[in-house]
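Enquirer: Position one of the sequence shown corresponds to residue 1 (this note's numbering), numbered consecutively onward.
Hints listed in this document are in silico derivations from the structure and should not be mistaken for laboratory results.
Check each hint, because a few of them may be wrong.
[Unchecked claim] Listed below are the simulated EDC-like cross-link pairs for lysine to aspartate or glutamate, each with C-alpha atoms no more than 16 Å apart in a straight line:
no., residue 1, residue 2
1, K45, D107
2, K87, E50
3, K56, E71
4, K88, E50
5, K56, E91
6, K45, D97
7, K45, E71
[Unchecked claim] Simulated restraints, written as ranges between beta carbons of each label pair:
no., residue 1, residue 2, range
8, K56, P77, 36 to 46 Å
9, T74, Q101, 19 to 29 Å
10, D107, G57, 39 to 49 Å
11, L76, F17, 20 to 30 Å
Backbone N, C-alpha and C define an ideal beta-carbon position, used for all residues, glycine too.
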Amino acid sequence: MPQRKQLTWTELRVGLFVLVGLSVLAAGIFYVTGQGILGPKYRLKTYLPEVSGLAKGATVRVDGVEVGNVESITFLPRTSGKAMDRKKNIEVVMRVDRRFQGDILTDSMASLRTEGLLGNRYVTISRGITGT
1 MPQRKQLTWT
11 ELRVGLFVLV
21 GLSVLAAGIF
31 YVTGQGILGP
41 KYRLKTYLPE
51 VSGLAKGATV
61 RVDGVEVGNV
71 ESITFLPRTS
81 GKAMDRKKNI
91 EVVMRVDRRF
101 QGDILTDSMA
111 SLRTEGLLGN
121 RYVTISRGIT
131 GT
């Protein structure tokens, strides 16, 4: 008859430690990259004249509701025709939860705000009325 090996407390603790460590690592990766695990996201671009204090990973809100984060901030060449207004030569790319896509219409406006008096900068988007 084969002999059953008994699981020792040390083996059990090591296994639990590894499991918890991998879970924390996965959660950290999702948090840092802003990918999330709760549904698909889509990219949204806006062009602003200045972005002082805004950082990659900053919060994006629609009428106060957190809907995503900033993916990248880049300067556009002055000759680029992408920005409607030549003064708006900074492109901000955001990743927004797809479930809020219907709230951001063609006449929605993006602007920067600060949390509190000395807080972090974030992008706020006003809900539009017309367009998709």
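Enquirer: Between L76 and F17, does the beta-carbon spacing fit 20 to 30 Å?
Expert: Violated, since L76 and F17 (Cβ atoms, about 49 Å apart) do not stay within the stated range.
Enquirer: Going straight from one Cα to the other, do K45 and E71 come out at no more than 16 Å?
Expert: Holds. K45 to E71 sits at ~10 Å (cutoff 16 Å).
Enquirer: Checking one constraint from the list: CA of K56 to CA of E71, max 16 Å. Satisfied?
Expert: holds, 6 Å
Enquirer: Mind checking the alpha carbons of K88 and E50 for me, to see if they're no more than 16 Å apart?
Expert: holds, 7 Å
Enquirer: Holds or violated: are the alpha carbons of K45 and D107 at most 16 Å from each other?
Expert: It holds: about 14 Å lies between the C-alpha atoms, which stays within 16 Å.
Enquirer: Does K45 pair with D97 here, judged by a C-alpha cut-off of 16 Å?
Expert: The hint holds at about 14 Å.
Enquirer: Would the pair K87 and E50 pass a check requiring their Cα atoms to be no farther apart than 16 Å?
Expert: holds, 9 Å
Enquirer: Are T74 and Q101 spaced within 19 to 29 Å by their CB atoms?
Expert: Holds, at about 23 Å.
Enquirer: Regarding K56 and P77, is the given constraint of 36 to 46 Å on their beta-carbon distance met?
Expert: violated, 20 Å
Enquirer: Does 39 to 49 Å hold as the CB distance between D107 and G57, or does it fail?
Expert: violated, 27 Å
Enquirer: Regarding the pair K56 and E91, is the alpha-carbon distance no greater than 16 Å?
Expert: holds, 12 Å
Taken one by one, the earlier hints fail for this structure at numbers 8, 10 and 11, listed in ascending order.
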